[in-house]
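The listed protein sequences derive, respectively, from chains Z and C. Residue 79 in the working numbering sits at position 79 of the first sequence; the count goes up by one each step and never skips. Residue 87 in the working numbering sits at position 87 of the second sequence; the count goes up by one each step and never skips.
Hints in this document: simulated from the structure, not taken from any laboratory. Be aware that one or more of the hints could be misleading.
[What the hints assert, rightly or not] Simulated pairs of lysine to any residue, SDA-like, Cα-Cα distance not exceeding 25 Å:
| hint | chain 1 | residue 1 | chain 2 | residue 2 |
| --- | --- | --- | --- | --- |
| 1 | Z | Lys108 | C | Leu96 |
| 2 | Z | Lys108 | C | Asp52 |
| 3 | Z | Lys108 | Z | Ala24 |
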Amino acid sequence: MGDELRLTIAADVDVVEARQQGRALAAVAGFSSGEQTVIAAAISEIARNILMYAKKGEITLSLVQNGDRQGVSIIASDQGPGIPDIERAMQYGYSTSHGVGAGLPGAKRLMDEFDLKSVVGQGTTVTMRKWRRSI
Amino acid sequence: MEVPILRQGQYLIASIQSALTDADLSHLREALIAQVGRSRCRGVIVDVTALDVMDSFAVRTLRDIAHMARLRGAETVIVGIQPDVAFAMVQLGLTLKGVATVLDLEEGLAFLDGRTKERTLEVKPKRPSGRG
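With these hints in hand, go ahead and build the complete structure from the sequences.
Here it is as structure tokens:
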């Protein structure tokens, strides 16, 4: 799968760094600038989620390939409190932190694949992918 | 990265120069709202041309700026949302409902001129009709 880029998320500057790195990787994968922005926005949402709920975590960015399709994979993981009610957390407009509630459901809308695993008391892992549209 | 806030006549112009952290955005909100009062401004322009991503926090902060400024007597207009940024915002389901947005700085100034004129007319006391 080639190289991975691991980024620590522990401060708001890390959120900016993560989305910039994500955009750069999406450019390497050949995504259009519109899609690069979409990917950067999705990373921004999940990185902020780490900061808000777990305070600290990690984002791993990598290029992925499926047959002749190219894409990017983003894995966000933390050892935070976990999400007690995943169904609610995925509801658009629902927030426990006075946010707009666009974080996780927003990121899901932006990506092609989205998987959320969370164990209360142990942490949360979000895995998401976006594939390049074939020409 | 602090956002410079310039004063031009009755307006404040904040032009964002680079990517902003959440703390930078919150700071911009506070600085603008304080300055609206201090310099008795009637209008605020936030130029986001340089922003390459607007996520939910950025959108919420811009909305807050506009609503807070309105409570302090100033109109806000957001200028320079890039096409890619607009595309991602729509996909994310983010809107700037209730907030004026125009293409660029020039249109922003024209918009505020129009709005502040309207407001001045509204508050002008009615002349007695002379028939009493």
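Here is what the structure says about each hint:
{"no.": "1", "hint": "Lys108(Z) to Leu96(C)", "verdict": "holds, 21 Å"}
{"no.": "2", "hint": "Lys108(Z) to Asp52(C)", "verdict": "holds, 20 Å"}
{"no.": "3", "hint": "Lys108(Z) to Ala24(Z)", "verdict": "holds, 20 Å"}
No hint from the list above goes unmet by this structure.
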